[in-house]
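Undergrad: Put chain G on the given structure of chain F with help from the hints.
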Amino acid sequence: MLPIIETRNLVKRYGDYTALDKVSVSIPKGSIFGLLGPNGAGKTSLIRILTQITAPDEGQVFFNGEPLNPDHISKIGYLPEERGLYKKSKVGEQLLYLAQLKGMSKSEALEKTKNWFIRLDIKDWWNKNLEELSKGMAQKVQFVATVLHEPEFIILDEPFSGFDPVNSDVIRDEILRLHQKGSTILFSTHRMDTVEELCTHLVLIDKSRKVLEGSTTEVRNRFKTNRFTVDTKDPIVFDHFPWQPAAINESHGGLFRSSFSLGEGHSPNELISDLIQNSEIHSFHEEMPSFHDIFIQVVTQPQFQNP
Amino acid sequence: MKKIFLIIEREYLSRVKKKSFLIMTMVGPLLFAAISIIPAWLALKNKSQNVVTVIDQSGLFKGKLKSNEETIFKFDGLAEEAEKSRIKSADDHQMLLVIGQTDGKTNPDIRIFGSGNPSLDLIESIENQIDAELKNTQLKQAGIDPALVEKINPKVEINTTVLSDEGEKEGSSTAATIVGFGGGFLIYIFIFLYGSQVMTGVMEEKTNRVVEIIISSVKPFQLMLGKISGVALVGLTQFLLWAALTYALSTIAGTALLKNQEPQKITQTSGAPQDDASAEGSKQKDNTGGLLKELSSVNIPYIFFCFLFYFLGGYLLYSALFAAVGAAVDNQQDAQQFMMPITIPIILAIIVGQFIIKDPNSNLAFWFSVIPFTSPIIMMMRIPFEPPVWQIVVSMVCLIAGFLGTTWLAGKIYRVGILMYGKKVTYKELWKWMWY
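Residue numbers (my numbering), protein chains in the order written: chain F, 700 to 1006; chain G, 612 to 1047.
Looking at chain F on its own, in the form it has when it is part of the complex (with noise of 0.2 Å):
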């Protein structure tokens, strides 16, 4: 299938500083994809670029396979990390009027902000001034400003930051709700959680380059060590095994854990059969690294990157 977005070599220079080197990117359509990388390393100048609020120096972006051009604008949904909305006019009133930029007939616009309005239970929040709600009612209103014209990209910056347990979730819930409708989910985050929990594919950028692409099975694939734990009801004798296990610790329920690297040429049935012999399984699997691990790993040891 088509990606809903493509980029081609991408590159951005503001002066002397080159923010995007030769990105090549694309998003599935149906993905809830996760832009990772540090700070400054390239991934508002890349949002930027997508929203259209700045053209790249080089290289090309697609849209559903055509070039990007202002038609798609209504298409694309744009939570910014740094929220803002005008802080003296009424919550209604404003709502309408960037749904009306986004290219929306008023009456539409007009329909489709009361409905938000009941869904997410803010009725009364309508002749408000923004100025009058606080930070988390802002970001809310801020989510809907973003999907009001239910646009088939949604790019989301941070998108929990600032709310409360409760209310992360009502906007999660409405983010995989968006997701079924159909709509394409960009999250910009340094949350891990997030990406470990919601995404179904990523891109990690660092210093400008794109290091590392792919579906989140794919990279958790490439970044497996090969390590597997087990809880045996006995501690395990080391002396039958041809590998050391890495630890042991008392477990919950008076089982034993154990942790074993295989090495090259063993099978995780070769460790099963030995374990077999030495103790009771209570439950085996392979430790799978967190995308915490492999951020840190792909940033900060550059033989990990892609070539």
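To be clear, the hints were calculated from the coordinates, so they are not data collected in a lab.
All residues carry an ideal CB built from backbone N, CA and C; glycine is no exception.
One or more hints might be untrue.
To be verified - So the derived list for chain F, only partly shown, Cβ under 10 Å to chain G, looks like this:
no.	residue
1	Thr750
2	Glu792
3	Gly802
4	Ser806
TA: Showing chain G alone in chain F's frame:
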């Protein structure tokens, strides 16, 4: 295009709906009216009655100094020293006037004593009366009837006529000066008032960060143009409301005041001989009537059109620059240093204008009215003096080119500036932005 209108609509409505706009609209004309009316009102209301005791050593003036509402002259005082000590302990409105010896040919030594300083008006009115009396005495001594002198009172007026292609028309330098300076000054005020509104509007959007959302929907240049046009409409609305309200207010207040004023005018001058007073009164009426006539000699629709043109042109030229400054900085303090080079030509124009209005066809006047940074104010001042048409055309074309140029330049700075946070900008940096 549709999006620009949306922006204009929002910028316009959000400002016009503000309470401060309503207050400014109501208070402005009151202020204008007050400026023109309060001094007159104060002069009328704040008169206190002075009692002046006269010791006339010459004997020429007894009964000749006439009392009126403000001043009562008494000739039945005590001896000089006794009067002085009495007045010392009395209030400010008690005075002692001592007129020294004279035969009517030389000026007498005159002193006034009081516990405070007498008002200038009082001194002047006494001086005038004594002068008139001395003049009468001297005329009589020379064998001339003072009444005859009063009657001989020629007064010529020079009527200005402008020679132009449309034939000869009545002109008036006084009216032109009033209209020209008023128009230029209004443009000066409007550029500052609404230019800085554009600047704070841009800064508000930038610091609120809402700008990032807006320009993901419209081009930065569209947002800037929309804001500038929206504020321009606010300015026009306010100007028209002010003009209408000021006109209404000053008409009402003016007629009310004139009714009170008329009888007092005569008593004020009643110290002088009677026929002199009526001559004075009718002269004054002539003056006001003349000025009204002169003002009506000014071509109002033509001047109004020019005013709107230079008002809009000047505003567009400067507001684009103000928008660029607003985009380049993060806070009001930083804005100051970039405001300087923008405000200097405006202030220069209003200062130079005071000289140009006295010599509206000089070389200096020509150049200042062609350079687009000063032309809105200077040309507006010259317009009532009817400068050559080709000069107006050159000036207007330059102004249009000027605001297209500043808007283009400002657009470049604006585009980069609104997304630039937390960085102190220098002129060098602004220069670089123009070529991004």
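Undergrad: Please name the hints from earlier in the document that this structure breaks, with their numbers sorted from lowest to highest.
TA: Failing hint: just 4.
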